[in-house]
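Got chain A; can you put chains B and C on it based on the hints?
Protein chains in written order, with this note's numbering: chain A, 24 to 306; chain B, 3 to 773; chain C, 48 to 209.
The set of hints was computed from the structure by calculation and includes no laboratory data.
Derived pair list, reagent style EDC-like, types lysine to aspartate or glutamate, alpha-carbon separation capped at 20 Å: (1) B:K522 <-> B:D580; (2) B:K762 <-> B:E635; (3) B:K458 <-> A:E259; (4) C:K50 <-> B:E121; (5) A:K58 <-> B:E303; (6) B:K688 <-> A:D277; (7) B:K646 <-> C:E172; (8) A:K63 <-> B:E120; (9) B:K762 <-> A:D277; (10) A:K58 <-> B:E115; (11) A:K286 <-> B:D637; (12) C:K104 <-> A:E99; (13) C:K203 <-> C:E171; (14) A:K63 <-> B:D124; (15) B:K646 <-> C:E171; (16) A:K286 <-> B:D639; (17) C:K50 <-> C:D78; (18) A:K58 <-> B:D124; (19) A:K77 <-> A:D31; (20) B:K190 <-> B:E334; (21) C:K104 <-> A:E97; (22) C:K50 <-> B:E120; (23) A:K58 <-> B:D698; (24) A:K58 <-> B:E120; (25) A:K77 <-> C:D102; (26) B:K458 <-> A:E262; (27) A:K58 <-> B:E121; (28) A:K63 <-> B:E121; (29) B:K601 <-> B:D487; (30) B:K762 <-> A:E283; (31) A:K58 <-> C:D78; (32) C:K50 <-> B:D114; (33) A:K63 <-> B:E115; (34) C:K50 <-> B:E115; (35) B:K591 <-> B:E570.
Here's the letter readout for the chains.
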Amino acid sequence: MVLPGSVDECVKALATHGAGARTVAGGTDLLPQMKNGVVKPAVVIDLSGVAALKGVASANGSGLRVGACATARELELNADVRKRFAGLADGAALVGSVQVRNLATVGGNLCNAAPSADMAPPLMALDAEAVIAGPKGERRVPLTAFFKGVRQTVLGADELLVAFVVPAPAAGSGGSYIRHTPRRELDIAVVGVASQVTIQNGRCVKARIALASVAPTPVMATAAQQALEGQALTPELIERAAGLAVDAAKPISDQRGSAEFRKHLVRVLTRRTLTAALARASA
Amino acid sequence: MSVMKTTRDVKGVGLSIPRPDGPDKVTGRIQYVADITPRGLLHAKLLRSPHAHAKIVKIDVSKARALPGVRAVLTAKDIPQLKRKPASRAHAVLALDRVVFVGQPIAAVAADELAIAEEALDLIEVQYEVLPAAIDPLQSMKPGAPPVADPGTEADLSEALAHSAVAMAKGEAPTTKAINVSQTAAVKRGDVAKGFAESDVVLEHTYRVPMVHQGYLEPHAVLAEWDRAGNLTLWASTQGSFNTRSEVADVLEIEDNRIRVIPVECGGGFGGKIRALCEPITAILARVTARPVRYVMTRREELEAGMPAPQVIIRLKTGARKDGTLTALEAETVLESGAFSGTVLAVSAVFLGSLYKWPAFDIKGSEVLTHKPSVAAYRAPVAPQSIFAIDSQMDAMARALGVDPVSFRARHLSHPGDPMANNQPWASMGAPQVLERAAAHPAWTGREQWKKGAPKGVLRGVGIALGGWLGGLQPTGATVKLNPDGTLAVLTGQVDIAGTNIALAQIAATAYGVDIDKVKITTGDTDVAPVTGLSAGSKTIYTVGVAVMQAAQAARKQTFEIAAAELEASVDDLELVDGKVVVRGVPNKGVTLQSIGKKGNLYMSKVEPVLGASHPAFSQQAPAFAAQIARIELDPDTGEVTLKDFVIVQDVGRAINPLAVEGQMQGGAVQSLGIALTEGLFYDDKGRLTNPSLLDYRKLTAADLPNLETVIVEVPAPAGPFGARGVGEPPIIPAPAAIANAVQDATGKRLTETPLTPEKIALALAGNGAS
Amino acid sequence: MPKQILSFTVNGDKTEVLVQPYVTLLEALRDEAGLTGPKEGCGTGDCGACTVHLDGKPVASCLVLALQARGRNVRTIEGLGTPTELHPLQDAFVRHGVPQCGFCIPGVLMAAAALLDETPAPTEEQIRYGIAGNLCRCTGYTKMVAAISEVAGSLKTKGAAR
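Isolated chain A (complex conformation) (with noise of 0.2 Å):
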């Protein structure tokens, strides 16, 4: 097990131990993994001890910086995220429970990038996007271009991430992640829905909508969010963008959920969430 305390040092162990190495934050995505045998990693760099990488930077007026290991608890209680990036916030709250919100972190949720990953629509939502250290420096991506597929994402074996970037909202801006399980803790996302909504003069002038776990990534209803940018978002538009997200999620059948169920429940998550995030852009 490697320890170390800078980012250039976890580069560094990185490029010496190439493929078989696996970097651990919380282990709550890790560990499971190791135990059921998925993967047998010959060294872990163990994230826990570099500073850098902690923390929830934020300051009023301006955008927040989210250390890769932040844990999903810091997300859930701090009031700067609560109030202005309340979406955040809500998907950190639901990861888990208590115990395992305590170690599992941001850069580990969408590292391990799970379809049902919790904290990726709301970060997608806000426009967020990733800081990548790599041995040929610091690099940025879009979180809408972080995930390739089931369990991918961009990084590459040598590189790792740093932080996340949210812009500030602008003003009249609310947002809102719902998902559903089938019980109220413990639980992992059949469907999870984020959304994002800056109302100005009483119109939509921009809006973001998240899906998690109805397709091999998270992603945007592009179209969706086009139906409602430049409009007054009524209850019928917002029941039509909610019928257009349905055509953005590709959903499997499996036995969490089949995926006409996904379907109807990305109806129902994006008319709430869409609701939700207007109401708090309101207030």
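Quick look at chains B and C alone, frame taken from chain A:
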């Protein structure tokens, strides 16, 4: 027969007393098998089949044996006693030449460390020839299905016997050999065709409850060690140490006396730990290595290869006239037992035909084998599933007739003395009183008003259901001895899972005549304790309670006889007050218990030590019933059900310890709700479990539940100690029906397959599901 | 695989054990530090039986690699209360008749203790969510909620206890 009672005014029966092991449990001091680590301990792991049905062509363990730290690697070839055709799951220690379920053990490793044992498993090379598998029970019943059992093995009836179920007529074997039908049962009365012809309402539904896991938090665990004289000690997480001893002795072909089973604190059983599972192979590894060996199942192994509850499919057709009289009931029941026979098939038929009075019925049941892990019991085996069917059906019939669902049930409910499906009369039971008490609860009487207050966009529904358990029986024994200081010591062999020890101590206290704080109760191991039965079947208090009561009464009699001789009085003139045996009306003429106890232990004394013993067997079951009321809010768009209120009304005969009784009622109710709402073991078409983790095998959390209200009803059981009945099983029974009834109340849709997930409800409401 | 030294503080005591890198905090506590209070119910963070406090926060110790706890503070059920006095939550659990099989209890108590540290006057809903990561199969949770609620109420009048 009058109720066994006493008028002794001591602190004992009827008090809510916390169990004495509470402090050790809340400090983490109490030990379970996985916490016991003797010197030289080896860790066991089992290699398990990835196929549901396959021939084992070749197993090569040479690389595994060579791994440093590995002390033994065994296959079936290395164990001569393994019978050619394992008659039961316990005998199928390691697969011989064929595997019959995914997860079946085929090789065993013992190593210095768990990680080494796991690595050794990866080094074992196995060649399989995959065979067609019988996965769906309805397909498996057909002639020509891939065979599950070895030809010639008898159906394993030990499970049915372990629950002392009411005997049923064995059904005729079907003429074409349906090779995987391992048990049949049939019972008839009257002319059902005529009954249906005379009906104004005929309803037919097929009810289905999938396999579910008992869900105990502590996985199966056992520690085995032999001495050099060939005696085995097992520290086991078990619901019955004597049962474990017998099964292991049978499998290993050694005498009972060669095995000592020490029942370690059991982290939950609920029927999943009444049969041997890992004990035989662990014992064999310990013998081969001459070291203590410990095997602890992982959660994944528990879910994939435990001993779950059977899947139950019941096609139920019932008829009634428009005046509300019942006419006929026709039922076909399929119980899926997995790879070995072991369901209590007859019990299902009894419930379907006995709870309500049917002029005509025709009930047929089949047990079917499939290539899945075989089943054991789960708290009131097949009762939740059977009551789900019959109670849902009665509720649906009431709605179809336009009558009140409670009065419809009450009108047709059997009373003590009415014939059961096998024509035996119903014993004393409190089903009518429980139903009446539940119907009087504000959660039920205020339901229409409550439903009107539903928030916008939310549907409210209220459901009620009634079910019960026949009550188990098993011979047992107990002793009560007087200590030299006048305190009492009680010994049983009963594993204390449900908090029964404190209740047994209370029974001893009241039966003998001292306060509870003067009584210590010990659970002895199989070398030390009287032979006793399983902590299961809701029979611990009912049977062991009687043994303890009788042993305490015997000890009291001996005590009085000693005192009578000393006081030169007649035994009939004595009473026991505040630790002193006195002549009635002459309080200063007495002798203390302390003095009697001391004299029974004094050098050269002629006074016998007081030792009361009892070893009864039982013939009279004590059925116990529970009704549950569920008030739900339902989100019609997502199908989510929120349980707002839940009430459990239960007849316990006599609450020996109300605090402990409430705990049983609440715990059983949550298991019942889990069956109703979220739980199921789901297999793919290759017989592989698709949800082998607690993420996807969903047990309810504290956030999913409201406070569970308990209402204790007491209809004394004539043969129960102080009138007590068993309490463990009734509360797991009614919720699936109560929830289905609440869902119909809220939405108008009748769902007949559990778990009643949001998906099923949402799609039913959207017009695509069952209605 | 060679072992590494893990130095950390457990229940107030400076502790050193040897562990391989793949060993979890739960395993290190149980197998090396002799603290068998935290239990393995699932090994995948789905049941809460392994809950301990890591730097004061409740975590699933089966999901933490032992070496990740280096230099940090761990508290297990054995560190709740003192050798002679039960913590108010422990005492309330006993009096309310909470423990049945007892297997989930250490984890529930650690979750409940952390809940009351963070939220001294929780609503019933907050209590339920505070222990929602702890599965119990025996009790149905009702008596747990009552016991935790009683302690929260008495903490309000007496001031926080540790």
